[in-house]
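Input sequences plus hints: build the corresponding full structure.
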Amino acid sequence: MSRPRYRLVVDPIACDGAGVCAELFPEMITLDPWGFPILHGDEVPPELVDLARRATVSCPRLALALVRLDR
Amino acid sequence: MSAPTGPTRLLDAPGVDVVGLDAHLQRWGVLPNVSAGVLLDAVDRSGLRGHGGAWFPVGAKWRAVAGAGRARPVVVANGAEGEPASGKDRYLLHHAPHLVLDGAATAARAVGADRVFVHVPAGAVTGIEAALAERARRGIDTCSIEVVVAPDRFLAGQESAAVATINGRNPGIPTFVGIRSVREQGVGGRATLVQNVETLAHVALIARFGADWFRSVGTGDSTGTALATVTGRWGTPRIVEVPLGTPLGGALGLDPDTARGVQAVLLGGYGGGWIPTTTALTLPFTEEAARSHGTSIGAGVVALLPTGVCPLAEVARVARYMEGEGAGQCGPCVNGLDVLATSVEHLAYRPQSLRGGVAALPTLCGLVEGRGACRHPDGVARFVRTAVSVFADHAELHLRRGPCQSTRPFLPVPAPVGAAR
Numbered sequence: 002m003s004r005p006r007y008r009l010v011v012d013p014i015a016c017d018g019a020g021v022c023a024e025l026f027p028e029m030i031t032l033d034p035w036g037f038p039i040l041h042g043d044e045v046p047p048e049l050v051d052l053a054r055r056a057t058v059s060c061p062r063l064a065l066a067l068v069r070l071d072r
Numbered sequence: 088m089s090a091p092t093g094p095t096r097l098l099d100a101p102g103v104d105v106v107g108l109d110a111h112l113q114r115w116g117v118l119p120n121v122s123a124g125v126l127l128d129a130v131d132r133s134g135l136r137g138h139g140g141a142w143f144p145v146g147a148k149w150r151a152v153a154g155a156g157r158a159r160p161v162v163v164a165n166g167a168e169g170e171p172a173s174g175k176d177r178y179l180l181h182h183a184p185h186l187v188l189d190g191a192a193t194a195a196r197a198v199g200a201d202r203v204f205v206h207v208p209a210g211a212v213t214g215i216e217a218a219l220a221e222r223a224r225r226g227i228d229t230c231s232i233e234v235v236v237a238p239d240r241f242l243a244g245q246e247s248a249a250v251a252t253i254n255g256r257n258p259g260i261p262t263f264v265g266i267r268s269v270r271e272q273g274v275g276g277r278a279t280l281v282q283n284v285e286t287l288a289h290v291a292l293i294a295r296f297g298a299d300w301f302r303s304v305g306t307g308d309s310t311g312t313a314l315a316t317v318t319g320r321w322g323t324p325r326i327v328e329v330p331l332g333t334p335l336g337g338a339l340g341l342d343p344d345t346a347r348g349v350q351a352v353l354l355g356g357y358g359g360g361w362i363p364t365t366t367a368l369t370l371p372f373t374e375e376a377a378r379s380h381g382t383s384i385g386a387g388v389v390a391l392l393p394t395g396v397c398p399l400a401e402v403a404r405v406a407r408y409m410e411g412e413g414a415g416q417c418g419p420c421v422n423g424l425d426v427l428a429t430s431v432e433h434l435a436y437r438p439q440s441l442r443g444g445v446a447a448l449p450t451l452c453g454l455v456e457g458r459g460a461c462r463h464p465d466g467v468a469r470f471v472r473t474a475v476s477v478f479a480d481h482a483e484l485h486l487r488r489g490p491c492q493s494t495r496p497f498l499p500v501p502a503p504v505g506a507a508r
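Going down the list, the protein sequences come from chains Z and S. Just so you know, we're using my numbering here: the first sequence kicks off at 2 and counts up by one. Just so you know, we're using my numbering here: the second sequence kicks off at 88 and counts up by one.
Mixed in with the good hints there might be a few duds.
[To be verified] Derived list of chain Z stretches under chain S, where covered just means 3 residues or more per stretch with a C-beta under 8 Å from a C-beta of chain S: (1) 14-21; (2) 35-44.
[Stated by the list, open to error] So, partial list: chain S residues that the calculated Cβ filter (under 10 Å) puts toward chain Z: (3) PHE263; (4) GLY423; (5) LEU454.
Keep in mind the hints are simulated off the structure, nothing from the lab. A quick note: this is a predicted structure, and the numbers were derived from the prediction, not measured. Note that the Cβ used here is the ideal one computed from N, Cα and C, for glycine as well.
See below:
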């Protein structure tokens, strides 16, 4: 069985621009001029998945999700 | 009951205001009694795509909904038409309600739905209810069909916003569907097919006359005809039925001579984009051709901007209207569209205040694109981006010599909610 592949998804309605995600996962997330996250790239490289997951569980609004790409 | 052979299909009853049930059955006959599989196959092969603006293949959407859940799916016939420059859905609902209802019933049968909601503006309710009463007297429909009033706002027809209205929660406000779409989980949590009313009217004819007949007009990728709302060609806006693929100039009876009075053409409405008049004249009326020029035919809005009107003032009025019509839910849209509208207003009315010059506008567009729960910011970005490109010379003129004298507004923009009408 191959390793699962993931992408990040922001729920822009839930997101209130706390910015925790960009602090914890700058490899793929930066903030726009108003403090809302911009995602860079689609698939999360396998070696970064743990960091990405930490960012998702740290979001105070639970607005960031890791979603399986392969289903 | 013969199939139309010419380019006029949905509007085949010239001079008739409302095609009642008797006239409808006389012209088109009853819907054939065929299985879901046969209908899915016919719609697939017809090449029909969604006329609400997204141009998504209808057969693929139906199959996704039919296979999505255990509970019976729901069909929404969507005629909300929040776009101020579009009138084709309202006209179709008024003129040929039974084609729309036949199409909705056909879609319900094909995806296995037992409930249909007809989602229309308040002004269309009486006509649809009269049509439903006619059908009830004859026992035409086997599934339940209810009418739901769409709120009077731009986003009312957006797929998840329509579902929210029917669910009675935050009417006319989109929800986040990035993980589960309304096709999987929509009205009452069920798999939901939201389909534009014009698309359904085409379905009503495909069910009767078949896929090959449908494909006999149009191009390989854009089959059949489309209704368009044309503003600026004649004294008042007009609804026309255009075989897809027809060069726009031909479809509108525009020759290079009459086209001289046209500054540029807006395709696809306020979420669409501008193209130069000379390009528009020969542009095949299809979504592919429009996209290859950075725009979209959207729901079929074609607006010919006359000379003598300041295009940047028009773009500024529309951008501010669209900013106000946002749902106010997503940070990038709430913040970005306001800054974008202000920047376009600077360019139109006080160009010396525009920081970063005209180049600042596409950058701002890039900052909002793809970052909302719905496509509202993407549409505004496309509208502004194409304007900056098509009206580049005019923008240069503003920056060098100052704004135009104020001109009479051309594009229809409703007054803000709460303002005196």
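Which hint numbers does the structure go against, in order from smallest to largest? none
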